[in-house]
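Visitor: If you read the protein sequences in the order shown, they are chains S and X.
Quick note: the numbering used here has the first sequence finishing at residue 408, numbered continuously throughout.
Quick note: the numbering used here has the second sequence finishing at residue 481, numbered continuously throughout.
The hints are simulated quantities; they were obtained by calculation from the structure and are not laboratory data.
Incorrect hints may appear among the rest.
[To be verified] If you want the footprint, here are the derived chain S segments under chain X, 3+ residues with CB under 8 Å:
| # | segment |
| --- | --- |
| 1 | 11-18 |
| 2 | 37-50 |
| 3 | 280-290 |
[Unchecked claim] Label pairs and their in silico Cβ distance ranges:
| # | chain 1 | residue 1 | chain 2 | residue 2 | range |
| --- | --- | --- | --- | --- | --- |
| 4 | S | 290 | X | 292 | 47 to 57 Å |
| 5 | S | 19 | X | 455 | 51 to 61 Å |
| 6 | S | 286 | X | 425 | 33 to 43 Å |
| 7 | X | 318 | S | 321 | 14 to 24 Å |
| 8 | X | 365 | S | 293 | 32 to 42 Å |
| 9 | S | 352 | X | 382 | 55 to 65 Å |
| 10 | S | 5 | X | 281 | 53 to 63 Å |
These numbers come from a predicted model, not from an experiment.
Quick reminder that beta carbons are idealized off the backbone N, C-alpha and C, glycines included.
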Amino acid sequence: MGFEWTVALRFLREGGMQTLLIVAGTTIGIAVIVFITGFLGDLQRDLIKRTLGVQAHIVIRPAEEVARRLRDAPAATAALPQVQARAQRLRSVDQWQSLLPALEVAPGIRAISPIAAGPGIITRGDVNKTVSIMGIVPAPYVAVTRFNDSIVAGDLRLDPGDVLIGTDLAKDLGVGVGDKVRLATPISPGDAYQVRGIYDLGMRNLNRAYAYVGLAPAQAMHALPGGVSSIELAVDDLFGAEKLAARLRHTMPHEVESWMQANPQLLAGLNNQTVMTVLIRFFLALVVAIGVSSVLVVAVVQKTKEIGILRAMGAARGRIMRVFLFQGALIGASGALLGCAAGYTLTFVMSDILRSSDGTRLFSARLEPQLYLYTLLAAVVLGLLAAVMPARRASRLDPAQAIRI
Amino acid sequence: MSAAIIELADMRKTYNEGTAVAAEVLHGINIAVHAGEFACLIGPSGSGKSTLLNLIGLLERPTAGSYLLKGRAIQQASDDERTRARLETLGFVFQFHHLLPAFSALENVMLPGLMRDGAFTRQQRANAKQLLSAVGLADAMDKPPNELSGGMQQRVAIARALALAPDLVLADEPTGNLDTHTADEVFALMRRFNETKGTAFLLVTHDPRLAARCDRVIELRDGTIVSDAARAETA
Chain S
4 MGFEWTVALR FLREGGMQTL LIVAGTTIGI AVIVFITGFL GDLQRDLIKR TLGVQAHIVI
64 RPAEEVARRL RDAPAATAAL PQVQARAQRL RSVDQWQSLL PALEVAPGIR AISPIAAGPG
124 IITRGDVNKT VSIMGIVPAP YVAVTRFNDS IVAGDLRLDP GDVLIGTDLA KDLGVGVGDK
184 VRLATPISPG DAYQVRGIYD LGMRNLNRAY AYVGLAPAQA MHALPGGVSS IELAVDDLFG
244 AEKLAARLRH TMPHEVESWM QANPQLLAGL NNQTVMTVLI RFFLALVVAI GVSSVLVVAV
304 VQKTKEIGIL RAMGAARGRI MRVFLFQGAL IGASGALLGC AAGYTLTFVM SDILRSSDGT
364 RLFSARLEPQ LYLYTLLAAV VLGLLAAVMP ARRASRLDPA QAIRI
Chain X
247 MSAAIIELAD MRKTYNEGTA VAAEVLHGIN IAVHAGEFAC LIGPSGSGKS TLLNLIGLLE
307 RPTAGSYLLK GRAIQQASDD ERTRARLETL GFVFQFHHLL PAFSALENVM LPGLMRDGAF
367 TRQQRANAKQ LLSAVGLADA MDKPPNELSG GMQQRVAIAR ALALAPDLVL ADEPTGNLDT
427 HTADEVFALM RRFNETKGTA FLLVTHDPRL AARCDRVIEL RDGTIVSDAA RAETA
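I would like the entire structure built from these sequences, with the hints used as guidance.
Guide: What follows is the structure, given as structure tokens:
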């Protein structure tokens, strides 16, 4: 291969401006591909994070209670009394403790958090606000929702008698860390709790929605002795959540809901975005490939005489072919290296510039080595493919004719 | 007489075979070139000299006839085998130098070695330096071809043709576009390599002066050899 690499490199160097231009074109194309891919990934992740708030990726709940008919009648039979749907009581996930070992070893699940949640009222003085009273175990809950990132005052500890509330609720009630509030539920007349911390989930309605207490007090308040209303899971692959949920559904008699089912609109929006960027990337790659191909076609014509002399001197067809394939691969690889660097820079610059109305970043840039590695590989393959046609032409030149030119 | 490097029997070449404009340009050529010979091929334009040289150089395939290269039938061999035979047995010098502009003079001479070994080696470098010194270009080795004069370029081309010590060098009008003085120098160089290394040469030339200085003159006319005479050594 030494001959092929040497000649390919020399031909590219000899190409001068021609080579520089096509490498520049490839660089720009790949930079935009890298930027769009990274940007989309970051944007979607952030969008999901914002929209889902403290929603888990997968939630296991007790199956809905269904009112069954007393006897199964043939469908054709008319005059069956209407069956009224049952009201859904707050119940515990049956045998939830026994689910945990299986969930812990199931592949793809990152964290498991039992929750005892139910409706309640938070009171301070004359002010009453309805909230969901969430009984959590802080450590697993943080692992599932990264809730600790949202704590803006106080700290995330839930000793008996501690409560965490959102910024907007705290404002409504006029309380701060250390102040006392009263939590009541339809079942429990209410107890005094001390505000231990204040969270900010970035959305006003979410900041008013939840009051967090320890699991045990919540179980008592919601009349779920030893029970939990749901088990929340975080998964490794965000977009594989539904598949995982489907698998879990078969193994337990409970309702298993993925974030995709819970937010079909969000998912549809994300899918549309993904389709758009796939299209853009595809056509960018196509343009780059056509550019590389056309430059190499010209190079073959320019180098006809040299190809003839190399063939006469004893370079086999395959070698001439590889000389041009390698040029395509080299253009692809150098364009990818430069393009990745440029795309990376662009991502960080844009992350700094693009901000939503409240001044926070629209997306946070992340360095994903995998993206760059795949881009490099894809660019080399793209370069090779683009070079196939010119390389075949070069290898098929008749040396006797080529030399005469 | 030493062993024949090439042996052509009843070789014919027809262009556009099977079409209305089919034209047979070589009508049954019989020729053999032996080791150490210094022969030239003369004839008017259109007599088929270049075609014959291309056939001998394995750049084209004959329509009919047999070709033995060092005793081996080569006309039916695959393209890769013929390419390999070119690399190992033959050297080429063309009228318009045909050096690769992307490589220095020295690297041009090392190219055949690069093809054979897959890498530039120290041995190739030493060999190429020796050859370039022998053609009087010791000072111009690292220059690119476009900084060399026509005569210098042709001398590099000769050095390159000799790089892998071929049995036979085929030269198509090697002095065709050089002035008389330079042409004489280049010719003398080939002559010298013929004598010192025993490499056989087959030149195509228009120049009767040069033809007169070859050991053997093959005259081609209208696709047929009309005379093939060894000149007396004393002439």
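Visitor: Can you name, in rising order, the numbers of the hints this structure does not satisfy?
Guide: 2, 3, 5, 6 and 10
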